[in-house]
Amino acid sequence: MVSDASDLVARCRAGDAAAFRQLFREHRQQVTRLVHRMTGGGADLEDLVQEVFVQVHKSLGGFRREAQLGTWIYRIAVNVVLMHRRAQKSRPYSLPAVPDGTIADDGEQPDEHLARSRRVAALYRLLERMSEKKRTVYVLHELEGMTPVEIAKVVGAPVLTVRTRLFYARRTLLAELTAEPALAALVESLGPLSEPAPAAEPHKEPA
Amino acid sequence: MSPERIERALREVTREARIESAPDLDWDALEERLPMTRVKTIPPRPRSYGPLLLAAALSLTAVALLVGWLREPAANRSVADVTAAAPAVRPSLPTEIDGSTLAPGARITAGDAAKTVVHRGHASWTLAPRSTGVLVTQGDVLVIRLEVGSVTSRVVKSSRVETFAVEAADVRVAAHGTEFVVTLAADGVSVNVTEGTVLVGPRDQPGVGQLLLSPSAKQFTLAGAPVEADESAGLDALRPGRPRTGAAPSPEAPAEKAWGAGATAPGTTPGSGSSAAAGGPKPKTAAETVAGTTAPSATASNEPTGPDHATPAGIESATADIMKLAATCFKQRTATSDGIRVTAQTTITFRTLADGGVRSVDFEPPLSPWVQACVKIGMGSIHTESTRYGFQVSRTVNLER
Numbered sequence: 001m002v003s004d005a006s007d008l009v010a011r012c013r014a015g016d017a018a019a020f021r022q023l024f025r026e027h028r029q030q031v032t033r034l035v036h037r038m039t040g041g042g043a044d045l046e047d048l049v050q051e052v053f054v055q056v057h058k059s060l061g062g063f064r065r066e067a068q069l070g071t072w073i074y075r076i077a078v079n080v081v082l083m084h085r086r087a088q089k090s091r092p093y094s095l096p097a098v099p100d101g102t103i104a105d106d107g108e109q110p111d112e113h114l115a116r117s118r119r120v121a122a123l124y125r126l127l128e129r130m131s132e133k134k135r136t137v138y139v140l141h142e143l144e145g146m147t148p149v150e151i152a153k154v155v156g157a158p159v160l161t162v163r164t165r166l167f168y169a170r171r172t173l174l175a176e177l178t179a180e181p182a183l184a185a186l187v188e189s190l191g192p193l194s195e196p197a198p199a200a201e202p203h204k205e206p207a
Numbered sequence: 208m209s210p211e212r213i214e215r216a217l218r219e220v221t222r223e224a225r226i227e228s229a230p231d232l233d234w235d236a237l238e239e240r241l242p243m244t245r246v247k248t249i250p251p252r253p254r255s256y257g258p259l260l261l262a263a264a265l266s267l268t269a270v271a272l273l274v275g276w277l278r279e280p281a282a283n284r285s286v287a288d289v290t291a292a293a294p295a296v297r298p299s300l301p302t303e304i305d306g307s308t309l310a311p312g313a314r315i316t317a318g319d320a321a322k323t324v325v326h327r328g329h330a331s332w333t334l335a336p337r338s339t340g341v342l343v344t345q346g347d348v349l350v351i352r353l354e355v356g357s358v359t360s361r362v363v364k365s366s367r368v369e370t371f372a373v374e375a376a377d378v379r380v381a382a383h384g385t386e387f388v389v390t391l392a393a394d395g396v397s398v399n400v401t402e403g404t405v406l407v408g409p410r411d412q413p414g415v416g417q418l419l420l421s422p423s424a425k426q427f428t429l430a431g432a433p434v435e436a437d438e439s440a441g442l443d444a445l446r447p448g449r450p451r452t453g454a455a456p457s458p459e460a461p462a463e464k465a466w467g468a469g470a471t472a473p474g475t476t477p478g479s480g481s482s483a484a485a486g487g488p489k490p491k492t493a494a495e496t497v498a499g500t501t502a503p504s505a506t507a508s509n510e511p512t513g514p515d516h517a518t519p520a521g522i523e524s525a526t527a528d529i530m531k532l533a534a535t536c537f538k539q540r541t542a543t544s545d546g547i548r549v550t551a552q553t554t555i556t557f558r559t560l561a562d563g564g565v566r567s568v569d570f571e572p573p574l575s576p577w578v579q580a581c582v583k584i585g586m587g588s589i590h591t592e593s594t595r596y597g598f599q600v601s602r603t604v605n606l607e608r
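Residue numbers (my numbering), protein chains in the order written: chain Y, 1 to 207; chain R, 208 to 608.
Be careful, since some hints might not be right.
Subject to a maximum C-alpha distance of 25 angstroms in a straight line, what follows is the list of computed SDA-like cross-link-like pairs (lysine to any residue) [claimed, not checked]:
hint: 1; chain 1: Y; residue 1: K134; chain 2: R; residue 2: R218
hint: 2; chain 1: Y; residue 1: K58; chain 2: R; residue 2: E386
hint: 3; chain 1: Y; residue 1: K134; chain 2: R; residue 2: S588
hint: 4; chain 1: Y; residue 1: K134; chain 2: Y; residue 2: G145
hint: 5; chain 1: R; residue 1: K583; chain 2: Y; residue 2: Q88
hint: 6; chain 1: Y; residue 1: K153; chain 2: R; residue 2: A229
hint: 7; chain 1: R; residue 1: K538; chain 2: Y; residue 2: L45
hint: 8; chain 1: Y; residue 1: K58; chain 2: R; residue 2: P573
hint: 9; chain 1: Y; residue 1: K58; chain 2: R; residue 2: K583
hint: 10; chain 1: Y; residue 1: K58; chain 2: R; residue 2: D235
hint: 11; chain 1: R; residue 1: K583; chain 2: R; residue 2: D528
hint: 12; chain 1: R; residue 1: K538; chain 2: Y; residue 2: D47
hint: 13; chain 1: R; residue 1: K538; chain 2: Y; residue 2: K153
hint: 14; chain 1: Y; residue 1: K133; chain 2: R; residue 2: E219
hint: 15; chain 1: Y; residue 1: K133; chain 2: Y; residue 2: A115
hint: 16; chain 1: Y; residue 1: K133; chain 2: Y; residue 2: N79
hint: 17; chain 1: Y; residue 1: K134; chain 2: Y; residue 2: A179
hint: 18; chain 1: R; residue 1: K538; chain 2: Y; residue 2: R85
hint: 19; chain 1: Y; residue 1: K58; chain 2: R; residue 2: R218
hint: 20; chain 1: R; residue 1: K531; chain 2: Y; residue 2: Q88
Just the calculated beta-carbon pair ranges, DEER-fashion [unchecked claim]:
hint: 21; chain 1: R; residue 1: I547; chain 2: Y; residue 2: V149; range: 17 to 27 angstroms
hint: 22; chain 1: R; residue 1: E238; chain 2: Y; residue 2: R129; range: 49 to 59 angstroms
hint: 23; chain 1: R; residue 1: R222; chain 2: Y; residue 2: A14; range: 35 to 45 angstroms
hint: 24; chain 1: Y; residue 1: R21; chain 2: R; residue 2: G318; range: 26 to 36 angstroms
hint: 25; chain 1: Y; residue 1: R129; chain 2: R; residue 2: G312; range: 39 to 49 angstroms
hint: 26; chain 1: R; residue 1: M530; chain 2: Y; residue 2: A175; range: 41 to 51 angstroms
Calculated directly from the structure, the hints in this document are not laboratory data. Ideal Cβ placement from N, Cα and C applies to all residues, glycine included.
Starting from the given sequences, assemble the full structure and let the hints guide the process.
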């Protein structure tokens, strides 16, 4: 059950350890999922999740009641990941984990599972090559399901800017998709078009 | 390939990424490492003084109500009371003092508002309302003596081993590149580390004590002995396989527990409160503090048996084993192709247990998760020299694949 956010924050600020524990338990899954997606599985997930909640703890004094607690925590999580990535820039790049053959019991055939894992890893590699601004809005919108208005609050940019970044993120991915063999194979495997293409995004090129 | 197919493929793989679940983490362990047991928020810096002046005026009316509490002897308050109350007492009008204008021996007392002393480029310390601190030494090493209340310290990172210390009763809390809170009460001292690492030990033995890694909080008797409580999350509490030693000692005899079995906790008896500063041993000087630690630093922790310190040969042997393990893991777990050489420079810090096992190996900057996981697995097979306190070594290394 999600508690009343204002009350929870007030209790955390007052030094209620149980309240902070509750805050952690209510938001740990979504923070972990976001960090995992923003890093493509290529970082020490546990350390980053811990850092997010340490920052949340430190910043509780700055939380404004008018903000949504979830959005506020998302903003902190995004900032923690971005800071981590910037710190990592000068280090040698390590490839994300190769699927190790451990198959979840989801009724899927092992080879299907492996192929899917490789495609997802390929998508994360493409995202890795993208600018951090475009990558962030793509992950928040396409993977986390956030609206541009919500993303604007998280990244601190106008909604129109978010939409523009999203448009260019998609365009970049479309242009580079077939550079990844796993995704090129997916394109090849898709049959003739059987559904109408979605309407083009009403965005314009930036000046 | 048609653009429509590519677009469908992107939608498909995005959908697959969306339904992929995040890996499960060890939530219990993660929760243990979070600063939950001592929640203490840092209020935002005031943007203008107008509302604060109004708040200060209102708070003056409350001062009269607090007078009775203020006059209550500190000896009537316990560590638990103070640490529980500390977060609720937030400074309403913080004032800032330039530390360079203070001479050693300067006594700073915070009234109803917190008071911050800033030593530019070195450290800052904020006295909570109704707290008193004394600047013991200035210069390369700052030492603050907390006489009453609570102090939050923020220390700028430095390559030096120790650049800042807070003394409270006979407890010494030394740090570099750290943020921590020290609270002095009638029956003990609590230390809450929110960032970095501090070494908490007897005031007259710099370089000896218990290492607290952030985030953690721990209580100590006035004599400097750690109080083992369920709420404590220090190095000992994190140590696998080491049983908790039970509840906190009774207030009547806190000095019975010392830094190591058989050792005698120095200093005062409980109940001496803030007056312990005057009667305690003479504080170490800055030069003594630095000289008390050698490189590679061998830091003590609380263990009951074995020699106090590892031999140089034992330290070198352990270091060589860890370096070899790191090099092997780096070679095995770093991806490269077409003869591309990958190199990395990192500082390895490892800590040992009293029984000779390796407690942890950390890398700064961190290596890839796969290399670190490999090291974590491999360190279980490394055995180092047994010492009473365990030891810690940091060394910079170049790795190559």
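Each hint, compared with the structure:
1. Y/K134 x R/R218: 17 angstroms, holds
2. Y/K58 x R/E386: The given pair, whose Cα atoms are some 11 angstroms apart, holds under the 25 angstroms limit.
3. Y/K134 x R/S588: Given that 25 angstroms is the threshold and the Cα spacing comes to 45 angstroms, the pair is violated.
4. Y/K134 x Y/G145: 15 angstroms, holds
5. R/K583 x Y/Q88: 21 angstroms, holds
6. Y/K153 x R/A229: 24 angstroms, holds
7. R/K538 x Y/L45: Answer holds: R/K538 to Y/L45 is near 22 angstroms, not above 25 angstroms.
8. Y/K58 x R/P573: 23 angstroms, holds
9. Y/K58 x R/K583: Violated - the C-alpha atoms of R/K583 and Y/K58 are around 29 angstroms apart, more than 25 angstroms.
10. Y/K58 x R/D235: Judged against 25 angstroms, a Cα distance of about 21 angstroms means the pair holds.
11. R/K583 x R/D528: Within the cut-off at roughly 13 angstroms; holds.
12. R/K538 x Y/D47: Measuring from Cα to Cα gives roughly 23 angstroms; hence the hint holds.
13. R/K538 x Y/K153: The given pair, whose Cα atoms are some 43 angstroms apart, is violated under the 25 angstroms limit.
14. Y/K133 x R/E219: 23 angstroms, holds
15. Y/K133 x Y/A115: Distance ~29 angstroms between Y/K133 and Y/A115 Cα, so the pair is violated.
16. Y/K133 x Y/N79: 11 angstroms, holds
17. Y/K134 x Y/A179: 19 angstroms, holds
18. R/K538 x Y/R85: With a Cα-Cα distance of about 23 angstroms, the restraint between R/K538 and Y/R85 holds, given a limit of 25 angstroms.
19. Y/K58 x R/R218: 38 angstroms, violated
20. R/K531 x Y/Q88: 24 angstroms, holds
21. R/I547 x Y/V149: 17 to 27 angstroms: 44 angstroms, violated
22. R/E238 x Y/R129: 49 to 59 angstroms: 35 angstroms, violated
23. R/R222 x Y/A14: 35 to 45 angstroms: 43 angstroms, holds
24. Y/R21 x R/G318: 26 to 36 angstroms: With a Cβ separation near 34 angstroms, Y/R21 and R/G318 satisfy 26 to 36 angstroms, so the hint holds.
25. Y/R129 x R/G312: 39 to 49 angstroms: 59 angstroms, violated
26. R/M530 x Y/A175: 41 to 51 angstroms: For R/M530 and Y/A175 the Cβ distance comes to about 45 angstroms; the hint holds.
In summary, the numbered hints that this structure violates are 3, 9, 13, 15, 19, 21, 22, 25.
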